[in-house]
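1 is the number of the first residue of the sequence shown in UniProt numbering; add one for each residue after it.
Please note: incorrect hints may appear among the correct ones.
Said to hold, decoys possible - Taking lysine-lysine pairs in the PhoX-like style, the calculated list, with each CA pair at most 25 Å apart, reads:
| hint | residue 1 | residue 2 |
| --- | --- | --- |
| 1 | K140 | K128 |
| 2 | K143 | K128 |
| 3 | K36 | K143 |
| 4 | K128 | K36 |
| 5 | K140 | K36 |
In short, the hints are calculated from the structure, not lab data.
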Amino acid sequence: MSTIQLRELVECCTAISECEPGELAFVHTPLNDPAKEIRIATIYPSASIDSPVLCGLSTFTLSTAPDYEALSYCWGDENDSRPIFLRGRPYRVTTNLFSALRQLRRAETERRIWIDSICINQSSHHEKNHQIPLMGDIYKRAKQVVAWLGDSDEETRIALDLLTDWTATTKRLSDYRPPSWDALCNLLERPYWTRLWALQECVLA
1 MSTIQLRELV
11 ECCTAISECE
21 PGELAFVHTP
31 LNDPAKEIRI
41 ATIYPSASID
51 SPVLCGLSTF
61 TLSTAPDYEA
71 LSYCWGDEND
81 SRPIFLRGRP
91 YRVTTNLFSA
101 LRQLRRAETE
111 RRIWIDSICI
121 NQSSHHEKNH
131 QIPLMGDIYK
141 RAKQVVAWLG
151 DSDEETRIAL
161 DLLTDWTATT
171 KRLSDYRPPS
181 WDALCNLLER
191 PYWTRLWALQ
201 ECVLA
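Let the hints inform the model, and build the full structure from the sequences given.
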């Protein structure tokens with residue numbers, strides 16, 4: 001167990017032993033400038049998927065933030081939640097996010113990642129009004145965006161195998177590029193397909 005993990009566990013135990021029940025939960029410290037600052041979570045490592053999820057939370061200005069990832073996911077049912085430990089104190093997240101955190105956690109190294117429901121104080125309308133407009137830049141500046149589709153099931157491997165086969169087939173086809181292939185690629189690269197409303201309209205059609 002790393003020094004950081006041990007410190008977090010001690011903080012967890014201390015918080016539970018010293019605080020009244022209503023005071024246990026983690027509370028966000030207000031940002032000094034919510035229009036420029038962001039919080040970034042750190043998932044502390046663990047070799048066991050069943051060990052408590054321990055996270056840190058640090059504040060940076062968006063323009064000078066260190067390398068980080070950003071998580072894209074579906075919140076899920078907000079009434080279906082599980083506890084994690086955020087800076088040594090209990091903090092509830094949806095079960096879907098809890099599953100994501102367990103899977104994203106590395107065995108030996110920390111993982112710095114931006115997650116909306118953790119990094120934005122969801123109980124502060126003032127903060128959300130400033131942070132939500134920053135989300136486009138937050139995702140653009142991320143080293144990479146991790147898409148969490150949910151826990152795997154027996155069909156997941158079938159779907160991934162299909163994608164692998166399709167990618168291999170596409171690569172073989174790319175060796176022979178008739179004009180029609182380039183024309184199709186150009187059509188799919190038009191700005192229309194980057195417009196969110198356009199995609200929604202296609203789905204609803």
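Cross-check of the supplied hints:
1. K140 with K128: Holds, at about 19 Å.
2. K143 with K128: holds, 23 Å
3. K36 with K143: holds, 19 Å
4. K128 with K36: With Cα atoms ~12 Å apart, K128 and K36 stay inside 25 Å; holds.
5. K140 with K36: Within the cut-off at roughly 15 Å; holds.
Violation of the numbered hints given earlier is absent; every hint is satisfied by the structure.
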